[in-house]
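Asks: Order-wise, the sequence lines are chains A and B. For the first sequence, the positions run 44 to 448 when this note's numbering is used. For the second sequence, the positions run 71 to 413 when this note's numbering is used.
There could be a bad hint or two in this list.
The calculated DSBU-like cross-link candidates involving lysine-lysine, where the alpha carbons are at most 35 Å apart (straight line), are [what the hints assert, rightly or not]: (1) B/Lys-237 x B/Lys-385; (2) A/Lys-95 x B/Lys-163; (3) A/Lys-95 x B/Lys-316.
Which residues of chain B face chain A? A few of them, derived with a C-beta cut under 10 Å, are [stated by the list, open to error]: (4) Tyr-96; (5) Gln-108; (6) Asp-146; (7) Gln-172; (8) Gly-211; (9) Arg-233; (10) Asp-242; (11) Leu-243; (12) Gly-246; (13) Tyr-260; (14) Glu-314; (15) Ile-318; (16) Gly-340; (17) Ser-379.
Simulated from the structure, these hints should not be mistaken for laboratory data. Computed from a predicted structure; not experimentally measured. Glycine included, each C-beta is placed from N, C-alpha and C at the ideal position.
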Amino acid sequence: MLGGMIGSLGMGLGAYPLLAGEVAKSRKKLLLIFLSGGPSQLETWDPKPGTKYGGPLRAIPTSVKGTHIGELLPNTAKIMHQIAVIRSLNTGITDHFQGHYALQSGRTVPGFPVIGSAVAKLLEQDGDQLPGYVEMRRDGPKAYTDVGDSGFLGPKYESVKVVNAEPPDYLIRPDSISESKARIVDQLRADSDHRFLRGRSELPIRAYGGTFNSAVALMKQRGIFDIEKESASDRELYGSHLFGRHCLMARRLLENGVSCVKVVSHDWDAHQENFHWHQQRCSEFDRTFPALVTDFDRRGLLEDTLVVVMGEMGRTPQINNRGGRDHWGTAWSMAMTGCGVQRGIVHGKTNAEGTEVVEGEVHAGDLFNTFLRALDISPGTRYRMTGQPIPAGDPAGSTIREVLV
Amino acid sequence: MSPINPANTHQVREIEHPVPLLTCHYNSTGRFVFAGAQDSHLQRIDVATGEKTLLEGHESWVCTIAKAPDLLFSGDYTGRVIAWSVSEKEVVKKWSIEAHSQVVRSISVSPDGKWLATGGRDGKARLWSADTGERLREFSGHSGQIFATIFHPDGIHLVSAEREGNKLFQWDLNTGKKVREFDAADMSAYRRDEDIEWGGARGLAFDASGTTLACCGRHQYAGPATVLLYDWQSGKQTEKLVSEFKGIFYTLQFHPQGFLIAAAGDITVGELWFWKPGQEKALANIKTSGPSLSLDLHPDGQLLAVAQSQGGKSKPENGSLVFYDMRPNDKTEKQVTEATAKK
């Protein structure tokens with residue numbers, strides 16, 4: 044049982060009390076809302092109504108004068124003054140797996156940690172017991188969302204997976220193992236560690252022991268995954284659909300000291316009936332995201348939480364024969380808000396038909412570096428995992444100063 | 071009309087359009103075809119000359135059209151429905167309403183021409199006065215977008231079909247209440263991997279007597295395009311007509327002689343299929359020059375107008391209104407055009 048936890052929680056979490064809300068609040072945090080499959084920029088952040096590829100949907104005004112977004116996001120339009128939109132992503136990637144990896148790691152070379160794992164490592168504090176990185180997704184076969192997490196940072200910074208808004212099942216001791224038996228096994232393990240410590244370096248062994256202690260602690264704290272403990276009005280606010288429940292659970296985890304939560308919203312890969320599809324997906328997103336931003340703002344969470352909304356790519360301006368839009372990495376959009384972010388702005392610009400970036404081009408590495416900066420982490424910070432210092436940010440990338448305060 | 075043999079169906083004319091066409095409908099004489107496309111206008115196209123008249127009033131793609139004897143109704147992606155008074159000489163806007171939020175997927179007209187029904191993105195079906203555009207009833211109960219509506223020939227029942235739910239609902243027009251459901255699970259192409267319903271119903275049609283209800287769409291993930299037939303009295307599915315075309319039947323009509331005509335499309339390709347209820351084997355099927363999204367039967371029952379997209383590989387560059395003749399292929403295009411013009 045504990046082995047399963049260790050695989051996910053990693054080692055070295057130390058035997059200290061869990062962080063309480065006040066302590067956690069002072070630490071920067073990241074909520075990554077990943078729209079997996081690749082949402083259409085033309086139906087969301089960068090509408091081009093009435094143009095050759097604009098599609099049938101309209102643009103609507105927002106709370107930021109002169110800024111319009113797609114009509115499928117009417118609630119989001121009301122909180123545009125709270126968010127920054129980047130309309131000039133040119134990542135050049137049209138493959139789901141590569142896109143997932145590059146947008147989350149800032150690199151195309153394999154082996155680097157994704158932002159969740161990086162944040163878990165870089166924002167780690169002594170005494171942390173909760174996992175640094177929790178990922179939420181729906182049940183289903185492995186898909187392109189599973190691109191690996193921690194890279195060279197190792198299993199300690201892998202994400203803990205929450206599926207279908209249920210806490211990891213290994214947080215409950217199996218009935219076949221009595222509490223007393225579990226205690227005896229753990230004592231045996233501790234005694235062995237103690238013996239093994241003689242004449243050896245302490246750190247790895249203490250880290251190993253700490254993992255067990257943390258696992259036990261988290262088992263006692265599994266209530267942090269229980270959104271039924273939130274008020275009925277908050278559950279209503281976020282919505283009863285999976286995305287809404289995951290977002291509410293994300294708030295709960297962030298408030299309790301998890302450094303990064305990634306919530307995956309699935310099925311934006313609209314190769315067919317793109318407009319119908321986006322009506323469905325945007326409806327769910329627009330139900331929850333503006334409520335989340337407003338709620339985070341009211342609770343003061345936006346002051347220290349970076350909230351990022353993005354997919355792994357955009358969608359072609361051209362509409363295919365099935366009424367769909369296909370994969371597109373040349374000129375697309377994302378949004379962000381929260382700590383370090385200049386709110387109510389639009390960065391970058393595409394041409395009239397949305398086929399090219401004409402101003403403020405942004406690459407995946409630039410985004411990654413900007414996320415780090417927003418979290419008060421210098422992209423030049425170096426990991427010293429294997430003796431070879433490795434910069435956390437993309438050395439070839441820039442920081443998008445215009446979207447940072 | 072002499073008996074039609076669908077196996078004779080052949081293309082006789084094509085009128086190009088700068089963007090893909092979405093829907094088409096003959097006027098009551100067959101002289102004009104009204105069409106909606108990936109632009110923001112209703113088009114009136116003179117079949118003989120190809121001359122187009124733009125009818126302004128829509129602000130987005132016109133995706134559904136229906137007609138009453140002297141009226142024509144067009145619906146768009148903004149949810150607007152416009153009624154047009156239509157004569158051979160002119161087309162005049164009669165009224166315009168915001169019928170649904172965002173998209174009107176379907177318009178149908180009651181047999182007596184007094185009412186129209188709409189179905190939309192909001193999952194509602196609504197009943198309107200054809201004369202004034204006044205809303206008379208709302209039918210609630212669908213969980214997904216309504217893609218098709220049709221009046222039963224008895225004039226007191228409406229059937230609606232939704233994209234996700236795989237059910238057809240029958241409504242009582244007098245009470246506004248749901249009478250029963252028809253199981254359309256065979257139309258499903260749900261993929262759990264993606265949690266996406268790729269199938270779903272797209273079109274509905276009744277035969278002239280109202281004894282058979284037909285529903286078209288797609289069965290299974292990669293096709294094939296399929297038609298389901300139901301016995302109206304029992305509500306039971308009686309037949310599943312599965313084509314060999316990997317794509318979707320977007321629309322279908324019963325010919326007055328009792329056979330079905332369905333138009334299909336997929337990436338770069340399209341087909342027309344003809345079936346006689348009671349016969350599993352299709353009467354005929356022909357390839358179309360591009361994906362076929364809509365069809366309408368000429369009032370003479372011998373010609374078909376089909377709205378298509380054309381060009382490009384997977385991404386169409388333009389559209390065309392293509393005409394097919396179901397009579398033996400012994401006439402030139404010029405003769406057909408002249409004959410159509412005379413009518």
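Asks: Which hints from the list above does the structure break, by number from lowest to highest?
Replies: Hints 4, 8, 10, 11, 12, 13 and 14 contradicted; others consistent.
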